[in-house]
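Assemble chain B onto chain A, guided by the hints.
Here the protein sequences come in this chain order: A and B.
The first sequence begins at 1 in the numbering used here and counts up one residue at a time.
The second sequence begins at 1 in the numbering used here and counts up one residue at a time.
None of these hints come from the bench; they were simulated from the model.
Certain hints may be false.
In silico DSS-like pairs for lysine-lysine, Cα to Cα no more than 25 Å straight-line [as the list claims (entries may be wrong)]:
#1 A:K664 with A:K775
#2 A:K306 with A:K775
#3 B:K155 with A:K27
#4 A:K437 with A:K19
#5 B:K155 with A:K28
#6 B:K118 with A:K28
#7 B:K155 with B:K118
#8 A:K775 with A:K425
#9 A:K361 with A:K425
#10 A:K98 with A:K361
#11 A:K792 with A:K775
#12 A:K27 with B:K118
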Amino acid sequence: MNEIADPGSIDRPNSYIGKSVPRPNVKKLVEGRGQYVDDIVLPRMVHVALVRSSLAHARITGIDGADALDVPGVLAVFTGGDLAAHCAPWVGVLAHLKGMKSAPQRPLPIDRATWVGEALAAVVAETRAIAEDGAARVRVSYETLPAAVDMGTALEAGTAIIHPELGDNLCFERVNETGNVEQAFAAAHKVVEATFHTARHTGVTLEPRSILADYNRASGKLTVYHSTQAPHMMQGVFAKHLGLPEGDVRVICADVGGSYGIKVHVYPDEVAVAAIAKIMGRPVKFIADRLESFSSDIHARDHRIKGRMAVDANGRITAIDIDDLTGIGPYSVYPRTSAVEGNQVVSLVGGPYDFANYHAKTAVVFQNKTPTSQYRAVGHPIATAITEGLVDLAAEAVGLDPVEFRRRNLMADGTYPRTSAAGLKFEGLSHIASLDKLLAMMDYAALRSEQERLRGEGIHRGIGLAAFIELTNPSPFMYGIGGARISAQDGCTVRIDPDGSVVAATGVTEQGQGTEAIMRQIVAEGVGVPIEQVRVVTGDTLTTPYGGGTWACRGTGIGGEAALQSAIAVKGAVLAIAGAMLQAQPETLDLTNGEIVERGTGRARMPLAELARIVYFRGDTLPADLPRELIQTRHFITKQYPFAFTNGIQASYLELDVETGLVKLLKHWCVEDCGRVINPLLVDEQVRGGIVQGIGAALYEECPYSSDGQVLVGSMADYLVPMAAEMPDIEVGHVETPTRESLLGAKGAGEAGTAGAPAAIMNAINDALRPLRAKVLAQPFTPERILAALGKV
Amino acid sequence: MSAEIAITLTVNGERVARRVEARRHLVDFLRLDLGLMGSHTGCEHGFCGACTVRVNGAIVRGCLVLAASLDGAQVETIEGVSDSGEIRDLQDAFIARNAAQCGYCTPGMLLTAADLLKHNPAPTRAQIREHLSGNYCRCTGYHAIVDAVAAVAAKRNGRATP
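One chain only, chain A, in its complex shape:
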């Protein structure tokens, strides 16, 4: 009864898996009829504006809200002290990250401000505008404290220790070691080394962080409309820290205006809003504005990495050694922590390559800047930039074309399962097939000759490659084993209603990736109904199975498999009932296109709607002992591998203006292998969007700080993001190596683009610069930095 063994392989009715099916929930969005949190208006709703710290490190000697309370329409001013009795503090550590430490954090701090932009007081008013009027009248008295700003000196004696009770500013340290690196470097034919910088930047979700919390004193229930990626996790967080039973907290996330990891964290100001709703017993809304987003959304990727690579006379990599330093702000972010990025860097460096000796160290330090944490492709863009930067330097050192060098060193196809030098377990990857496909797509040889010809005309073009791996489908090894209540399993409930329509409720969520489309495809095919007959419910802790939500590329691989198994179970239930009604063996029947048919001949026997009508309204006509459960729930968790790794390779072709330092992106290519592709249209756009996010990091995006810890970003005029005019067309190709851990065979696809793009851009710029004996290794590669490398400024 199960033809899904090779999903999408047969072009029969309802075979939607593998097809470019448009998303069912987009029509409302293109008509402006979605429902983001700020679109929700509740009776007696009030608004919060926050007073934020103007100093990087200071003792709070007083917060005076009297003038604010004089503003008509201002209802209350809350300080950290006011909320302390209502909300328990948290500490952002994971037990499996050995030795990790952080300090207790509260929704609003009680006596100390630790970064510019930290919320110190909340003004509640009848409108947001009045709340802002009030916030402008709150007087905070500070006693300035020495700030630890530069991560490079965070551990030095003489630098202020942000949390004296921790003893120093070290949050976490890890060394990942295999083989004998020193011996390999001593015996190397060539050694290349370089220091890379990735810039502290942020996600800039177009919809800012948004929350509307509503506490009903009579029922004791807290309902939170939240722009989040992980509603069940947030349900647990609100319950635990506000002292409510988990069952009394409901988190609803309808439309989410972009997330990319920014909206998967616990933000103190959002917990403050929920606490205020509980205290005031009415709906309280907070929508961050753009300025406060830049200083209170998590930042990411603030790393300095020293790396070296040893190569033998045959151009084979023998060893990689890296030393990573990252600054994460004053607190590790709860509950995923701020150490995972550095931890991923020391696991992912060298990931695509076959070599034996590896040494990687990361030091994660506290500083008085905005907290950092997981942002799209966590650690991958950093690890890929180091690896691929060293690979290009090594290729040059041994006189090999970058393609030939990679071909000699990439893990060979057909050699899986295997374990990488960094200890990662790979079920099946396709580096060589992906490389070959990429070279064909871009016509590498023709581009090289064009580049050569144009160099003769004084035009400086560069070609950059970046092979990568990507961690997807995470198991409890990511967070659960460290004690975080973050679900790695996910569930889906599929039911058939009396009209024969199908409803699928899933624990994974939608932030624009196409979750609803993917689930609809899988469920329609699994049950055997036209896709239009399937409705998908997401983003509500009360009505969906408990699950992790959508992050770390788990939605399709984990949630999709739960949906498929649930759909197959419902189909089994339908056919068992149909067998009883039609006096046939269930095995001789099938369900296609919403019709019970005779297996083999396809002869129609009964519409699904008729079966459902009888089950719901004339159950008396069925055998008394016949099970008639037209609703089934299945859950899925990966068990064999901690993570399902994917792989791919990108290429950038660009032109460098050596007079202005400006980079013009001409074209970008990506071949990636996310296992079974459920919807090529959606996967390609995940890859393209991810690439452009990576390009932003490579060329534009940075949150710079002054030496006293002021963030020098006031608006989107200071912080540049990729816009349409500067972005290239992007060609995407696929190799498919399905995971055998699930029937569906899908791995994640959402972060591959971001993982590889900065490295491809860096290598292309340096390829253009090579004849000029210059190179750049510090992102973003601004005109100023490129001109400095050229000795022109």
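This is chain B only, laid out in the frame that chain A set:
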């Protein structure tokens, strides 16, 4: 806090009369006073384009126009052009090409795209990119949006999709 000013204007073909604070910008007026939630606030500094609407036929940043200045104006929002069917082909193309992901930028992007095709019915890809370059989209990387606009231009001109 500021004085209130009486305005009467036409929004999506309907006459509305309100008293607005002098500091109320157009997108807040549309969202908070009229309940038209399709226009979004993204930066409120005029950079991101999420609040793009039409005033007297021209696209404007809803966050940079004060409602008080709009007495007698004709304002059209995404809700209005959706109901009239004016940009149905663009909307269908965005759906078919997956040119909208989270959808937050989409209303502004569509109004900007419609504005381009009004003034330049056969734009090149570079011209499409240039015209849309005041509208920030974090999800798509823009390629699919350019494809969708190009497809509509071709269709309106009776050509095959490029």
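Verification of the hints:
1. Restraint check: the Cα-Cα separation between K664 of chain A and K775 of chain A comes to about 17 Å, which is no more than 25 Å; the hinted pair holds.
2. At most 25 Å may separate the alpha-carbon atoms for a hinted pair to count; K306 of chain A and K775 of chain A meet this at roughly 16 Å.
3. A C-alpha spacing of about 20 Å is found between K155 of chain B and K27 of chain A, which places the hinted pair at or below 25 Å, so the restraint holds.
4. Between K437 of chain A and K19 of chain A the alpha-carbon distance is near 21 Å, which keeps this suggested pair within the 25 Å criterion.
5. Between K155 of chain B and K28 of chain A, the direct Cα distance comes to roughly 23 Å. Compliance with the 25 Å bound is thereby established for this hinted pair.
6. This hinted pair checks out: K118 of chain B and K28 of chain A have alpha carbons roughly 24 Å apart, not beyond 25 Å.
7. The straight-line distance between the Cα atoms of K155 of chain B and K118 of chain B is roughly 14 Å, inside the 25 Å bound, and the hint therefore holds.
8. A C-alpha spacing of about 34 Å is found between K775 of chain A and K425 of chain A, which places the hinted pair above 25 Å, so the restraint is violated.
9. Simply put, K361 of chain A and K425 of chain A have alpha-carbon atoms about 20 Å apart, close enough for the 25 Å limit, and the pair holds.
10. A C-alpha spacing of about 14 Å is found between K98 of chain A and K361 of chain A, which places the hinted pair at or below 25 Å, so the restraint holds.
11. Our distance criterion of 25 Å between C-alpha atoms is met by K792 of chain A and K775 of chain A, whose separation comes to about 13 Å.
12. Annotation: proposed proximity of K27 of chain A to K118 of chain B holds, straight-line Cα distance about 23 Å (limit 25 Å).
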